[in-house]
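Undergrad: Work the whole structure out from these sequences, hints included.
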Amino acid sequence: MIKKKKIGVLGGGQLGMFLCIAAKRIGKEITVYSESSEFSAEKFAHNYFIGKYSNFSKIDEFLNQVDLVTVETENIPLDTLRYINKKKPLFPNLFAIEKAQHREKEKKFLNFVVGLRTANYKVVNSYSDLLEAFNDFEKKTIVKSCEQGYDGKHQYTINNQNINDFRNFNFNEFIAEEIVEFKKEISVIVYRDIYGNVMNYPPVENNHKDKILSETIFPAKINEKSHEKAISYAKRIICSLNMVGLLAVEMFLLKDNALIVNELAPRPHNSGHWTLDCCDVNQFDNLLLTICGYEVQQPKINTPGCKMINIIGENYHKINNFKEYKFYDYYKNKVLPKRKMGHLLKKFK
478 MIKKKKIGVL
488 GGGQLGMFLC
498 IAAKRIGKEI
508 TVYSESSEFS
518 AEKFAHNYFI
528 GKYSNFSKID
538 EFLNQVDLVT
548 VETENIPLDT
558 LRYINKKKPL
568 FPNLFAIEKA
578 QHREKEKKFL
588 NFVVGLRTAN
598 YKVVNSYSDL
608 LEAFNDFEKK
618 TIVKSCEQGY
628 DGKHQYTINN
638 QNINDFRNFN
648 FNEFIAEEIV
658 EFKKEISVIV
668 YRDIYGNVMN
678 YPPVENNHKD
688 KILSETIFPA
698 KINEKSHEKA
708 ISYAKRIICS
718 LNMVGLLAVE
728 MFLLKDNALI
738 VNELAPRPHN
748 SGHWTLDCCD
758 VNQFDNLLLT
768 ICGYEVQQPK
778 INTPGCKMIN
788 IIGENYHKIN
798 NFKEYKFYDY
808 YKNKVLPKRK
818 MGHLLKKFK
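Last residue of the sequence shown: 826 in my numbering, with the numbers rising by one and none dropped.
Everything labelled a hint here was simulated from the structure, so no lab data went into it.
Quick list of simulated restraints, FRET-style, between CB atoms:
1. Lys732 with Val590: 22 to 30 angstroms
2. Gly673 with Arg502: 20 to 28 angstroms
3. Glu609 with Lys535: 44 to 52 angstroms
4. Arg644 with Ile503: 51 to 59 angstroms
Virtual Cβ for every residue (Gly too), placed ideally from N, Cα, C.
TA: Take a look at the structure:
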């Protein structure tokens, strides 16, 4: 098979930036398509286009420069993805992106197609639907938008004090989810090549603050059975999606050591940034290798452990307090609350 060289990436944030850096290292060229005129990948991309995803003439200009297309975010209009898919190979496939960008479709797929558990949930189209879910879930409920719900956006924890505030809420594409009592939140990243080989990074442990990932710790402090089960679940999902590329699977480890799946991300993931320093082939390398037609291998890890800390908002001005950590800057044009500005990494000895 001819190995593809010119890669198009939809989205120019920090994930796109790291893909550009990885591409140069393995002799590939990345052209970025960004809706924003200020984006992290700008200084690292071989070429870039700025335009709306709905501007198909601009999309055509972008497609003329690339052999194939991948994404740094699943939150891209399906009409745009369908248009691209008719003209160039798209990774991951439309099926995977469609499931990952819509919570209800994602949960239905996981529960009924893959046969894995998620948190209990109900579709809510009205205040009466919310009341029913609130009572069914013993008043442990979080309302989430089906779309555009990354980094805690459009999520509302419901309790006795605030439930009346939602009487006039516009319940357009929302679910109510039972709040799960869990011991740990973990994630596993798997990747699959065109030959059907599926490899994985080991499970990591994630801690959140204000519904945004705060830190990732490798290795996850879980028992061997949970470790193997988490990897097995992630591999099962990527094969069920029949996707080539990289998939991050977020899971909850419950108090009885059962695992339930929380979310899918069919692209590089924040919890995989530790692989930049701690693996011979990082998550960005492996995404590019899979979609360009290479046969992939299991990664080799060069440290007994590490910790990744997200730098969010005003903490950007405090990075000098972390002398023992390596800093990665995302080159954002402005410091904003809840905005990921960079990350820190420390390898354990």
